[in-house]
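Enquirer: Listed here are the chains, written in short residue letters.
There are 4 protein chains.
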Amino acid sequence: MDRDTAEPDAGALPGPNAQKWIDFHHEHAAPSEFSHEFVWDVTKEADGPFVTDVDGNVLLDFTCHIGAAPLGYNNEKILGKLREFSLLEPMKIAGQDMYFGAGDDPATADFPASSHLVQKLVDVSSQYGMDTVFLSNSGAEAVENAMKITHDRNPTAKYAYTFEGSFHGRTLGTLSVTRSNEVYTRHYPEIAGVRTVPFCDERDGTAESCDCGFFTGDGSQLRNALQPEGGHVNPDEVAFVVVEPVQGVGGYRFPSTEFMAEVGDVCETYDVPLVVDEIQSGVGRTGEMWASDHYPIEPDVIASAKALRVGATISRSDVFPAEKNRLGSTFGGGDVLSSMQGVFTLEAIEEHDLLANATERGQQATELLRDDAPPHVDDVRGKGLMLAVEFDTTQRRDAVVQEALKRGLLTLGCGEKTIRLLPPLDSTEREIELGIGIMNEAIEAAGMTVSR
Amino acid sequence: MDRDTAEPDAGALPGPNAQKWIDFHHEHAAPSEFSHEFVWDVTKEADGPFVTDVDGNVLLDFTCHIGAAPLGYNNEKILGKLREFSLLEPMKIAGQDMYFGAGDDPATADFPASSHLVQKLVDVSSQYGMDTVFLSNSGAEAVENAMKITHDRNPTAKYAYTFEGSFHGRTLGTLSVTRSNEVYTRHYPEIAGVRTVPFCDERDGTAESCDCGFFTGDGSQLRNALQPEGGHVNPDEVAFVVVEPVQGVGGYRFPSTEFMAEVGDVCETYDVPLVVDEIQSGVGRTGEMWASDHYPIEPDVIASAKALRVGATISRSDVFPAEKNRLGSTFGGGDVLSSMQGVFTLEAIEEHDLLANATERGQQATELLRDDAPPHVDDVRGKGLMLAVEFDTTQRRDAVVQEALKRGLLTLGCGEKTIRLLPPLDSTEREIELGIGIMNEAIEAAGMTVSR
Amino acid sequence: MDRDTAEPDAGALPGPNAQKWIDFHHEHAAPSEFSHEFVWDVTKEADGPFVTDVDGNVLLDFTCHIGAAPLGYNNEKILGKLREFSLLEPMKIAGQDMYFGAGDDPATADFPASSHLVQKLVDVSSQYGMDTVFLSNSGAEAVENAMKITHDRNPTAKYAYTFEGSFHGRTLGTLSVTRSNEVYTRHYPEIAGVRTVPFCDERDGTAESCDCGFFTGDGSQLRNALQPEGGHVNPDEVAFVVVEPVQGVGGYRFPSTEFMAEVGDVCETYDVPLVVDEIQSGVGRTGEMWASDHYPIEPDVIASAKALRVGATISRSDVFPAEKNRLGSTFGGGDVLSSMQGVFTLEAIEEHDLLANATERGQQATELLRDDAPPHVDDVRGKGLMLAVEFDTTQRRDAVVQEALKRGLLTLGCGEKTIRLLPPLDSTEREIELGIGIMNEAIEAAGMTVSR
Amino acid sequence: MDRDTAEPDAGALPGPNAQKWIDFHHEHAAPSEFSHEFVWDVTKEADGPFVTDVDGNVLLDFTCHIGAAPLGYNNEKILGKLREFSLLEPMKIAGQDMYFGAGDDPATADFPASSHLVQKLVDVSSQYGMDTVFLSNSGAEAVENAMKITHDRNPTAKYAYTFEGSFHGRTLGTLSVTRSNEVYTRHYPEIAGVRTVPFCDERDGTAESCDCGFFTGDGSQLRNALQPEGGHVNPDEVAFVVVEPVQGVGGYRFPSTEFMAEVGDVCETYDVPLVVDEIQSGVGRTGEMWASDHYPIEPDVIASAKALRVGATISRSDVFPAEKNRLGSTFGGGDVLSSMQGVFTLEAIEEHDLLANATERGQQATELLRDDAPPHVDDVRGKGLMLAVEFDTTQRRDAVVQEALKRGLLTLGCGEKTIRLLPPLDSTEREIELGIGIMNEAIEAAGMTVSR
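Protein chains in written order, with this note's numbering: chain C, 1247 to 1698; chain W, 1247 to 1698; chain U, 1247 to 1698; chain H, 1247 to 1698.
If we strip away everything but chain C, and leave its shape as in the complex, we get (with noise of 0.2 angstroms):
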């Protein structure tokens, strides 16, 4: 398959290979998420958006595993290079116990380890100052990690802050913070002390213009609530704030930058550490290396993973405990095969500039997204190529969905009625304007099948 020539190619889905392979799947798997009858054959063709299902259909996929492929499948900027290492055995280590290297020296590694790995973290993070780096499974286990190290930096903390309609993982310390969906947290128990205030999502708004209730008018919730004079909080006891700088599963709301001028204006005045949660927006999916990076905004700890293979908490050496072990992982010190996977995928944002492809590419997409849109599009947004579409209803959503998917186009929805789009960092305009082109006539379709 050759991604400049590949077109999507796809009958309904499921074909009949997919429906054996769900229905096997189904008589042991619980019950979770699964937005798309679509099985990627692993063993086919596929090559950057363009991806080959069990039945031989051809989709364009837009998500990226939700950021997980950043460059899509078998990108040969990563692939490339993976494939001069042969696989071995184990892959997951007991990287906190013990370490592993690539021949004798790293500066002359024949292959990148995790040590390089936490080396080229700390090397797209120095804006913030941050040198240290502490590797794990998964986005929820970086943010639990975020957690820990700023509860341990003020071991009086018992209040933490984060924001209406957040997502920060799937373990109980995660969700514990997080506030966008009932049926990620039904009775399940929590931890307490979690304060929530509203994210401004009037991404062009001011303080003024804003009705979300986050600004007041003498400051903002945060503020208000921390400030000596009327607050009722004590700083000293607040170990962060937690916020996504573009919220993911909440709907891809873009807030405002006078919004994080705020949030991060109040955690500097009161010490308070600020932790970014990247693991969607971050590595470059917006057009910078981190979302944070687009406003006034001085991180203290980032958590990141997905696009990077790993779970990652980037800080200060400071503000990490130095005692040993107070932090570990059987697993998180980095998987072989993962660590050089997040290794070559930083490498290959920088070597293929694509910041800038990730920038204009979104650009691209955008005006073709508006340019065409139907009056039930309530809403077309991005930075970089995290971009999303949202529909006067949940029902239009759902149906553009579905009419992308039989046109061959993979789409995921988040949020109550949008449309997230992920396409490969390295999209090219033919790419781009074959998968907005199926988007559009998506929409069109779901304008005529779904009344208001």
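Watch out, some of these pointers could steer you wrong.
Facing chain C, from chain U, some residues (calculated, C-beta under 7 angstroms) [to be verified]:
#, residue
1, R1432
2, G1463
3, G1476
4, H1478
5, V1479
Examples of chain H residues lying across from chain U (beta carbon under 7 angstroms, computed) [to be verified]:
#, residue
6, H1311
7, I1312
8, A1315
9, A1340
10, N1480
From chain H, some residues computed to sit far from chain U (all C-beta separations above 10 angstroms) [claimed, not checked]:
#, residue
11, D1248
12, P1336
13, T1452
14, E1569
15, S1584
16, E1606
17, L1614
18, Q1641
19, G1683
20, A1691
If you're looking for bench data, these hints aren't it; they were derived computationally from the structure. Just so you know, even glycine gets a beta-carbon here, dropped at the ideal spot from N, CA and C.
Given chain C's structure and the hints, the job is docking chains W, U and H onto it.
Expert: Chains W, U and H only, in chain C's frame:
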């Protein structure tokens, strides 16, 4: 390297190259556990328990990455099959949102998928009526999901029970049920309602003989708390009891049969789900598929990981929530390669009769250790190849670890005064003789250098 | 002393005797609030708002012990009846274990018992269909029991809602729903799951005019969180919403009618019990029996105390647990004398038409305060005899309190910059004129001594 | 009525008048405990242990309102002094905001004020170096404040220890440390971090003899958890250990001296404040001022109430927060009349040598109970006049309570199978003979009517 003839051959660790890697690593890696200054070279030869470091030292590794490498390094029983699979991108996928397959039909798949892994896991857990599996990234996530599904099943639950000495993971939820060392939990917030009872590790003891405090004149701490007459906890408010059938981090503590029977009986009497944490003890390590199989208990949920290469929460379909989206995880539905390795591991255990081998080699090891044991060895214990030697003092234990390392044997401390040994499940008679021989030499040497 | 002719007559406080008492007290009493260095002499003359201190100073007390002395000192309307009762032992009894009566028949009882107090409370709360009361010792215990019965009613609940600026008591449970000043809560543990939303105190405002953050473009923080579409809290998991119809400690903040209507409507829509904290605002203080009576709400539980002399949790029988022993308190079933005083207080309100008097005298006071208000008075507000004057700065407020004290008027700060005034419910026109006259003089004086 | 000659004289309870009062009460009172259908007539004669009900029945009350009436009814030793004081209004005051006195000088005061009560309390607690008291309304509030001050003292604390069988009050905070019966706590939220260990009630036992589970082979549950080697709780994170020197509600369980010594020693070793709950056991009940005085412990905080008529948290000044406003309570600074009764009670104990009397009368009672005890009496125990008789079954216990009631003796169940007896502290030899005589008759009668 041929494991049939290989011998450990090591100088003082770390060698000059290792030191470079270690220094390089710690420039930016957060402090963590790091028991050994051993740096595995992933580009050099390794076979089963034998592994080469970046300075060319050959070590005999009896830690198996704390169980994460159940058959050691580059084991042909696994790697042989794995080699047929070409590397691809991505390997960690949105496996709870989309499916993957390998070929037209799961029944004749070229390579096993996560769907096959869940099937395999159900096969080896059918003795407990288990038919459903949720995959995740780590042992911590496996236990988190066990906590979630038992809370979902019992929405009014506000309590849970755990045991002294337990270790269940490093996330805030799993730390809330961990009772092994305060360094893991200090200053971190925990969920409310977790009650603690003693873990009876007098492995051949009875209710009468034991003085751990679990058994009381008229029952046990667990039973006393839950019983309607005189108890103070309503069993209907207990989400789960979580126990390691063999405590790992806590010190390779093997409980008595009466203890496990009492725990199981209380759970059954009061309809409280029994969650067994088989993250270190499971997947054949003890000579049975699950360590639970040694005891007269009927677990309701198994949490597994490490040897399995992914996290897995195994239970009955009626324990899992039926509702879509209640559980989830971007990566958790099954890393493509890890799932495959998980299947190959379970297949290897079956094909090569490794449960029997673990039992036999474990007996060999135990006998060799006991025969020569000097007075400063307090205890030698084990089931299968989950082996432990307990010493008179922490200082002695640490000295033995060092003496073994000098002689080329990698071992691992646990608990206060214990060394744990986890040779590969397919260890040969020669390897055990070799490794335990070194161990005995190290014990003897430490007897001369360390005074009581 | 005759309150019809009495006048305040005070030198600098504390006088020499007062200083002796204060010094003596602080030898062994723990530090606490102590707003005033005023020492009431319980053996000297006092009548209604007039009280004598240990140095013979006569004060005009417009604090009514923060509502605990609703008709002031030695008021004949209460004391006249009480005098017929002989002191006995004990007065605080095991009133949840045993009953007490006064004579052969409750219908013809010589003295009212706690049984009569609960009947009286039900009478004045019948507009809300309330028919059941649980008596306790304090406002804190009244709110604690409101929290308990709403949790009992909804065993799966794990959340509750409270408001910015709230104060509900000093126990750990009530502090968990308190959001007024961190000095009350710092370092104390709190229960999990309490969510906070803004309290809209623009008393004549609308959803549009208010910028407190409670109202949003499309609803309110409370509604948004609970609604199925876009919300993140399942209403079935909310035990209660607790609100002060007028915030007391938080600054005598009177909410807008739209705010209270919204709170009430959300509670009704989602079947979440609405608990109103009437500890300071209830029992006639605002010119209605309950401050809630001013607003378009239907509370499900009323927590009362102070003016009532005991704590009382009032609700419908279906909200209370039917099971014996679920609620209890050794003293709580009704202090013999306090219950009697509670009944006499409710009777006095009825017999002497004190609701109307409070309303009229409140209007008189408000007008007098507004007429003369210099620029540094930011706001004069009140309902009935729950009155507040807000100043431009905290310093000014404190100065006014001192200037009033010099002139013989006792007042009390609250919030940041506010003085609260609570004259006896049977205050006369003369007393209001006298007291507000002094207040206006004090305000004027503070205008000269304190710069903005 | 003259207690020197009075005799119980009761028909079946409730009589017709009592039934009227009970029916009247339950029209609107919430369900609660109500052990007895006995209705005290506060207008009729009563003296010491003798009390008249609304039908004219005379009862011998050996419950003393669970200690709230330490010298019984209308005891001249207290009431004689109280009568000189004229009733006034209000009696419950804002005692943390303002002071009250009685006359020119505390040294020559006509009546004791709350200031005198705190002084008296410090006098009787000086053996523990205690010099500071915080007054509140109830035992629950006294324990809540003990929890607060120990958390304030140790801002990083997140744990606390309590004991099986404990009861500390009915607020959410005190219920979080209560472990006696799930009816008190079911469905109510609790604070996190409270750990539970067994309470050793083998009163003359040793570490070796006891099988309660507290003592272990190498220490105790409490010590094992806190010790650096092998423990899992950092003592620096423990706010307090709270213990009843004699468990009350849990069953009048008297701990062994070794148990209390171990608890005290662990607290001292690890600098964890020891809070003793003396709410039922304190103020002379056991023949010492505090039950703690019987044991080799040095409590850091005493929580008292009941016999004291107010709640009191007693400690050293360095344990209390120095900051104004950290503690508070509208009513808590001292009800005027209750404080006076508290002082008179402490004076009566001293003037009439009631500690010695309680000890002697307690011995008399114990001997009389033991002498005649039939086989279905499992245990007779007591310290001073805190007495208990334990039976073979709950059914038997309940029968004895009824048989005693028929004969005019009021007693009270506790624990599972126990009757507690609390005669007035100034009980005479005749009264004990009379009461225990009835008790023995009731025990005998229940032996005939109830089979094992």
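Enquirer: Work down the list of hints and note, for each, if the structure agrees.
Expert: Now the hints, each set against the structure:
Satisfaction of the interface hint for U/R1432 is found here, the shortest Cβ-Cβ separation to chain C being roughly 5 angstroms, below the 7 angstroms cut-off. Against a cut-off of 7 angstroms between C-beta atoms, the interface hint on U/G1463 holds, since the closest Cβ of chain C lies about 4 angstroms away. Restraint check, U/G1476 versus chain C: the minimum CB separation of about 5 angstroms is within 7 angstroms; hint holds. Restraint check, U/H1478 versus chain C: the minimum CB separation of about 4 angstroms is within 7 angstroms; hint holds.
Interface restraint check: U/V1479 against chain C, minimum CB-CB distance 6 angstroms, threshold 7 angstroms, status holds. Given hint, H/H1311 at the interface with chain U, holds; its Cβ is 4 angstroms from that chain's nearest Cβ, closer than 7 angstroms. Annotation: H/I1312 was flagged as interfacial toward chain U, and the flag holds, the nearest CB pair being 5 angstroms apart, inside 7 angstroms. Hint status for H/A1315: holds, given a least beta-carbon distance of 4 angstroms to chain U, under 7 angstroms.
Hint on H/A1340 holds. Least Cβ distance to chain U is approximately 4 angstroms, under the 7 angstroms limit. Because the closest C-beta pair between H/N1480 and chain U is about 16 angstroms apart, greater than 7 angstroms, the hint is violated. For H/D1248, the non-interface assignment is confirmed: its Cβ lies about 16 angstroms from the closest Cβ of chain U, beyond the 10 angstroms cut-off. The claim that H/P1336 is not at the interface with chain U is violated, since a C-beta of that chain comes within 10 angstroms of its own (minimum 4 angstroms).
Remark: the non-interface label on H/T1452 is consistent with the geometry, its nearest Cβ contact in chain U lying 34 angstroms away (cut-off 10 angstroms). Consistency note on H/E1569: stated as away from chain U, yet its beta-carbon is not over 10 angstroms from all of that chain's, at 7 angstroms minimum. Not every beta carbon of chain U lies more than 10 angstroms from that of H/S1584, the smallest distance being close to 7 angstroms; the non-interface claim is violated. No beta-carbon of chain U is positioned within 10 angstroms of the beta-carbon of H/E1606; the least distance is around 23 angstroms.
At roughly 25 angstroms, the least C-beta separation between H/L1614 and chain U is larger than 10 angstroms, which holds for a residue marked as non-interface. For H/Q1641, the condition that its CB be more than 10 angstroms from all CB atoms of chain U holds, with the nearest at approximately 18 angstroms. With a minimum CB-CB distance of about 23 angstroms to chain U, H/G1683 clears the 10 angstroms threshold, and the non-interface call stands. The beta carbon of H/A1691 sits about 23 angstroms from the closest Cβ of chain U, which is more than 10 angstroms, so the claim that it is off the interface holds.
In terms of the numbered hints stated before, the structure departs from hints 10, 12, 14, 15, listed from lowest to highest.
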